Every structure is written in structure tokens, then in C-alpha cells.
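Asks: Dock chain B against the given chain A, drawing on the hints supplied.
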Amino acid sequence: MSEVKFSKEHEWITLEGDVATIGITKHATEMLGDIVFAELPEKGSNVEKDGTAGVVESTKAASDVYTPVSGEVVDTNQAIVDDPSKINEDPEGSAWFFKLKMKDQSEMDSLMNKEEYDKFTKESAS
Amino acid sequence: MEIKKTSLNKLHQSNNAKFVEFAGYEMPIQYSKGIIEEHKFTRSHSGIFDVSHMGQLFIYGDENLTEELEKIFPLDLKNLKQNCSKYSFLMNEEAGIYDDLIITKIEEGYLIILNAACKDKDFEILSNLLGSKFKMNLDNNRSLIAIQGPKSVEILNSIINGVDQLNFMTGNWFDSDNQKLFITRSGYTGEDGFEISISNDKAENFVENLIEKGAQLIGLGARDTLRLEAGLCLYGHELDINKTPVEANLRWAISKSRLSNGGFIGSKKIMNQMQDGASQIRVGIKPEGRLIAREKTKIFDDTDTQIGEITSGTFGPSVNGPIAMGYVNKDFSKVDTKILLEVRGKKHPANVCTLPFYKKNYVKGVN
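As you go down the protein sequences, you meet chains A and B in turn.
Using my numbering, count along the first sequence one by one with no gaps and you end on 126.
Using my numbering, count along the second sequence one by one with no gaps and you end on 1367.
Chain A with its partners taken away, still in its complex shape (with noise of 0.2 Å):
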């Protein structure tokens, strides 16, 4: 499996073959709060890099989840929908949100490391 890249909306990736797992990160997840109920696209659907891919809300309010890359929706995470508040418990391991199929690898390039993410999360609090 890939080392795992950041977005500036604060989803994680990793890669295995063609196909990327993403979610939304602990920092996310802290910010939010409560998450209470997930929404996640259908599956055979296409979405576009940075583009919307799912809606959480938590007791405060709706947030959009968008992908960090392009592709085609080849599974979703059926268990954060049933109890979202498995998204609080373990944001960037089985709490997963959907996996693509990607069409350009090249899209993972633009996105940040772990050390880059963490120092943007600092900066973005400050």
C-alpha cells in the first residue's frame, strides 16, 4: 500500500494498485465533533477531483466531503452510514468512506504528505 497523502479539505488517501481508499482525517473528525450521520456516493457513480463526494453532519452542523481525486466510486463504507459515530472513533483506519477507481495516478502528486498536513493543520490554527 501507498504512504497515506492529505488534502487541504482534510480527506486522507492511500493507494493500492488503481484503486484509493479514502476518508476524512482526525483533524477533521476533531473539528467536527459528534458526527451523526454520513452520507457516502453511489457506487458506479464518477466524481471529480475536489469535487463533492459525500455530506457528514454532527450534532452542529453539515459539512461536504469532497475526494481528492478522480475516479469511479468501486465501494463505500456501508457501516459509518449504519453508525456514523465509528467516523469519531477511528477517522483514518475502518472508518473509511468510499474507494475509487482511479484514472490518474499523477493526482496523488499534488497532495501532501503526513508532515506536510500536520504542519498545514498547525498553520491553518494559528
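If you are wondering where the hints come from, they were derived from the structure by calculation, not from laboratory data.
Given the structure is predicted, the values throughout are model-derived calculations rather than measurements.
All C-beta atoms in this analysis are idealised placements derived from N, C-alpha and C, irrespective of residue type, glycine included.
Do not take every clue at face value.
As the list claims (entries may be wrong) - So the derived list for chain A, only partly shown, Cβ under 8 Å to chain B, looks like this:
{"no.": "1", "residue": "D34"}
{"no.": "2", "residue": "F37"}
{"no.": "3", "residue": "L40"}
{"no.": "4", "residue": "G44"}
{"no.": "5", "residue": "G51"}
{"no.": "6", "residue": "V55"}
{"no.": "7", "residue": "E57"}
{"no.": "8", "residue": "K60"}
{"no.": "9", "residue": "S63"}
Replies: Okay, now just chain B, sitting in the frame of chain A:
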């Protein structure tokens, strides 16, 4: 304008509060445990709420004051016993609501608890209506602390002996730490509890004492989910100047004896609406599934006609599902009516339901 802080601001900070601005005040939206944990703790144990931003209006006077206030509020104040509280409204001639409030008859006159965002305007309106005949004090030197949940009576009584003898919607002065506290058995969470009016300089110490006895600080976020589960209105959401108490489904709060003769501001409109019914009415709404319909969500019937709008919507932690309140055309106000909610461009099924979403019995009589 500089943001205002309550006397508990430092205590909120040291308890890792996340702050928001609310009605010009820096208030805690939540602490480190988060809204759902805070909500559940209040339902199972005892939560402390800083509601010091709310207005505490003392109006001093005798039966002449009672007579004047009856011209304003739709209440039978002459027959209200001392130390008893009533939920009511300040209205305009069209019965539009300026504010909803709790009024308590006290020995010296009346104590009225007002919403933070409305209190200054309320003071102005009431000053104009009452003239200079009665001394009025919107007391900024007192904090207001609510303690809510099943363990609250035991915790508060261990500090101030005798509060367990208060009945629901009554209050009294109590002595503690060389000062007088006014305590009512009331609240806005659907739980048994108390609201304590205490001088600012004693508030922090008092709350620390409550925490030591096992109560925990709860933010405005959980206060909102608690009151929504309890089916209670929030000014600026369910209530505003364009809504009447009849439309808000609050006719229970209007004293029956005042309906025959009227004589209070807005009485004509209220009496008409009581007779003919209002064209729109506040209802409880339960979306099917897990979908949350927030404030301003449009409500439709199955012919694509808009029939109303959501005024509050969230996830109810004790209900363990989405809940909402809103206004619908009266033809759609019956329980179990199927309606559609438009969220992110799609229509989702929901049902009109009874309020509250969550019911627990208040302590009505302890004696």
C-alpha cells in the same frame, strides 16, 4: 462592540470550553467531552449550565403592578401565588412574540427571566408600557446557573438545604454563604432541575462546589439538543415577531380566565385565532432514517407544494435519531401526517409527530 463575558468565563476556560458568540456573549458551546456525552450526562446525572447571559428583570411593586402586568401578559397574575412561576410571552398588538419568558411572583414584586438577545429591547418595551410608576432593575450583578438532571436535587440540596422541598415551577429565596440566592425548580431540558440566581462574585465558587459534588459543566450545544428533545421552543427559531402563541402551539400557556375578557396586548388576535384556528402551526417532525433536516429546510406535500419550514433540527442523542420542529399548514399538522423534507436538493420522507420527543416526569409535588 466588545464581546461580553459572564462571571464564569474563566471557569469555562479552565474546563477546556470551546467558545461561540451568542447574543453578544462569549459562551461555551461544548467542553472536551462533546455534545453527545454532555447531553447524556445531563439525562443520567446532573449538568450545570451557565445561563448568566439571560436577563434577570426585577420589577418592584404591589397589586397595582399586578394589575398593570395583566394588561401586558396573558396570565391570571391576581391568582398567582407568591413564589410561583409561569411561562409567558411579551407580545405586540398582533400577538407577535417579542420574547418568551418565565415570570415569578416574589414578595417584592416580580422576577422575569428574559432571553439574552431580547433582554435590552424587552426592558425598553416594558419601561414604556409601565411608565415610571415601578422600579425596574435588569440586574447585571447577578449570574444565573441552571442545574439539570436526576441527581441535581440531591447535589444542590447538599449545598443548600431545603431546595428539595420546592415544587416544579415554584421558587424561593435561600441563604447561603452570607447572601440571598433566588432558586426556582425549573429548567429547559426536560429534566428535573433548578435555576439559581446568585451574585456574580459568588458564582464561580458556587459552581466549583457543584462540580465537586459530581455535577459537570454542559455547553450550549447540549442545551439545544436537550431542549429540542423536550419539545421546547427557542426564541429566534420557533418563536419570533411574526409568530403568535397560538401558531406556536402554546395555547396552554395562556390563562383560560384571561381569554373571555381579553384586555392584554395581542388579546384580540389570540381570541380570533383560538376560535378560527391558525393557518400555520408548530409541530414535531421525525425524519425517516438518519437524515438531519436543519433550520430553514423546506417542507413539501406529495404534490410538490411547499407546506412549511423547519425551525430547529438536529440529532437527538437520547432519542438516538434525527428530530426537528417546524411550522406546517394546519391541514398537515395531524400526528402521523406524511411530509417531505428537501435536503441538498432531494426530498426525504418524514412524519409529523407528538411532542416531546423525550419524556421524563418533572417533580410536580414533593409535599
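Asks: If a hint holds in the structure, say so; if it doesn't, say that too.
Replies: Here's how the hints hold up against the structure:
no., hint, verdict
1, D34, "holds (4 Å)"
2, F37, "holds (5 Å)"
3, L40, "violated (12 Å)"
4, G44, "violated (18 Å)"
5, G51, "violated (14 Å)"
6, V55, "holds (7 Å)"
7, E57, "holds (5 Å)"
8, K60, "holds (6 Å)"
9, S63, "violated (12 Å)"
Consistency with the previously given hints fails for numbers 3, 4, 5, 9, ordered from lowest to highest.
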